[in-house]
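Enquirer: What follows is the residue order along each chain.
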Amino acid sequence: MGREVRLVQGNQAMTEGAIYAGARFYAGYPITPSSEIAEECSKVMLKVGGVYMQMEDEIASIAAVIGASLAGAKAFTATSGPGFSLMQENLGLAVMGEVPCVVINVQRRGPSTGLSTKPAQGDIMQLRWGRHGDQSVIALCPATVSECFAMTVTAFNLAEKFRLPVIVAPDEIVAHMREAFSLPEPGEVEVIDRKKPSGSPKDYKPFVADADGVAPLAAYGSEYVFHVSSSMHGPDGYSNNDPANAAWRVAQLHRKIEMHRDEIVITRSFAAEDADVLLIAFGATTRASRAAALELRKRGIKAGVLQLITLWPFADREVATLADKVKTVIVPEMNYSGQVAGEVQRVLGSGADIRRVNSYNGEVITPQEILRAIV
Amino acid sequence: MWCSGCGIGVMLGAMLRAFEELGYRNADTVVVTGIGCTGKADDYLVTHALHTTHGRALAYATGIKAFNPKLHVVVLMGDGDSVTIGGNHFIHAARRNIDLTAIIINNFNYGMTGGQVSATTPGGSYTSTTSWGNPERDFDICALAEVAGANYVARETPYHGWEMKELIKEALNKKGFSLVEVFSPCPTHFGKNNEMRQTREMLDWLKEKGLPVEQYRKLSVAEQGNHFAIGKLVDRDAPDFNTRYEEIRVRATAPEGIGGRCEAK
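Protein chains in written order, with this note's numbering: chain A, 1 to 375; chain B, 1 to 265.
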């Protein structure tokens, strides 16, 4: 018997991915173009024994998500531009307190309220640097409805495994497009749960990492009584202003990502092995780039695509390995400032032939616009 | 630790005695704090604790309680945290009537950062940012909680430590959103700026101004302006957030066609 194939929207697929991954708490505030996720969660969470809450704003939404996560839930929220800006301070607490959670930021055209229904890829640097202080997170960017599902499951897995916030950041096109999708059976896709403490509860220290760089996390209500703090804290979670302790904490928050960099950085390549021209793309521009590469091949130009699914940490090694073999690199992206092109430039150096294709009018980048950069 | 004459220690002692008398276990109790003088309190506790960002403690606590209703969740805030930067979360927590106990230390100014004006600084008072007097009006936190929907509202001063403990016990026992506001001396800043440099002067001020609620309610409106009510101000039993949520869940999980609007489509 064939598996059921449905026509599914990206936002719906991300919701199904969250539920599949075991998410049982959602708190959010409606905002275009992410609201379908809230609407779907408001129905599904009640049925699966979870909790849906519409909070008073995005600040409260991410706060409630973090609180629920510490009470043992796999928890997430979804938002867009202005709402994502409001979440930044509390996301910093999730970094500092090492609290697993997932944030979906459907990217829309700004600045400010901007064009609320139109796509953009203008938040790339905000994903990485949006919070004050000196911190790191993981950010993923799907390009298809199937990837919306898969990358939401992956986001929960990474968040749970490494105790940090993971952001899924499709553009509005990917979030609102509909494609054929079939839901995997339970068990078919790996689902990872956070490490729980073992041993004597009185010895539990919530910030003492195992050899993998990550400390087990208890839940509020368990016998493993613990403190989590936004302020600088020691291994036990209590305030600690000692410089050596601060250096240890800050480095640990970065190092756990660096240690597992190869597991976190996900890329895909299409016809890139023998390419002379490499298109580096993410989200909806991946689709235009694949069409452009096929057209270039028809015209006798060996073109390929490197798709960045993990935006942060940046795929330095993957970009360098492929780009070393090509003559020209093209980076199409829906922003004025060339946020990913700048990263590619950083990796390849100033001598590389890097061509930028930017749209910032709220319209998608077409294959033809990409072709113009090379022919 | 806190300054000499501060009321936060009295509040913390009253809260811990209330925990003990009610048989609360550390493992079943989560104390959520914000930022400011009161926000330091979690460092002196051995329950579960979450020290959060400025103004957002109630929103974090809401997530904890909504996901695990069995936990005792207590939120400690100052006047800056609760009704100045965090005012929106305060009225919505009360509106939801979520089963949290909020204890607010109101010392009429921002102690931690050097005694600046807050939303509860009385009009005309002096602070480090109102050198010629405060041009703004102040919030009545208890009145705000009452109209926003809290099930339990009380006010006390550190002059009455035993009574404070009893009110906190009632608040903890009450299902739904509960508030105990503690008017607290801040001789270091508010007192220094308003001719009450000595702890004794600030305590006397609170003692003379604070009247038991029954006595306060008999005063004329003009006389009430010179005093504030202490004791239990609101006590009601509207269903709390989690109870109402589970009632709605019954509809969502009912057989096809019996449930709510989205099922009927």
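Hints were generated in silico from the structure; no laboratory data involved.
Keep in mind that the hints are not guaranteed to be accurate.
[What the hints assert, rightly or not] Here are the simulated lysine-lysine pairs, DSS-like style, with alpha carbons at most 25 angstroms apart:
1. 47/A x 192/B
2. 161/A x 118/A
3. 209/B x 43/A
4. 192/B x 205/A
5. 302/A x 327/A
6. 40/B x 202/A
7. 169/B x 205/A
8. 40/B x 192/B
9. 218/B x 192/B
10. 202/A x 70/B
All of these numbers come straight from a predicted model, not from anything done at the bench.
Enquirer: Holds or violated: residue 169/B with residue 205/A, Cα cutoff 25 angstroms?
Expert: Answer violated: residue 169/B to residue 205/A is near 31 angstroms, above 25 angstroms.
Enquirer: For the pair supplied as a hint, residue 202/A and residue 70/B, confirm whether the alpha-carbon distance does not exceed 25 angstroms.
Expert: It holds: about 22 angstroms lies between the C-alpha atoms, which stays within 25 angstroms.
Enquirer: Hinted pair, alpha-carbon criterion (25 angstroms max): residue 302/A, residue 327/A. Please report holds or violated.
Expert: Judged against 25 angstroms, a Cα distance of about 10 angstroms means the pair holds.
Enquirer: Take the C-alpha atoms of residue 40/B and residue 202/A, compute the straight-line distance between them, and say whether it is at most 25 angstroms.
Expert: holds, 23 angstroms
Enquirer: Measure nothing beyond the straight line between the CA atoms of residue 161/A and residue 118/A; if it is 25 angstroms or shorter, mark the hint as holding.
Expert: Given that 25 angstroms is the threshold and the Cα spacing comes to 34 angstroms, the pair is violated.
Enquirer: Compare the distance between the alpha carbons of residue 40/B and residue 192/B with 25 angstroms, and conclude whether the hinted pair is satisfied.
Expert: holds, 22 angstroms
Enquirer: Would you check the hint for residue 209/B and residue 43/A, treating anything up to 25 angstroms between C-alpha atoms as holding?
Expert: Violated, at roughly 51 angstroms.
Enquirer: Could you grab the alpha-carbon distance between residue 47/A and residue 192/B and see if it respects the 25 angstroms cut-off?
Expert: Roughly 57 angstroms separates the two Cα atoms, so the pair is violated.
Enquirer: Between residue 218/B and residue 192/B, is the straight-line Cα distance small enough, at 25 angstroms or below?
Expert: Given that 25 angstroms is the threshold and the Cα spacing comes to 33 angstroms, the pair is violated.
Enquirer: Against the 25 angstroms threshold, does the CA-CA distance of residue 192/B and residue 205/A hold or violate the hint?
Expert: violated, 42 angstroms
Of the hints listed earlier, those the structure fails to meet are numbers 1, 2, 3, 4, 7, 9, in rising order.
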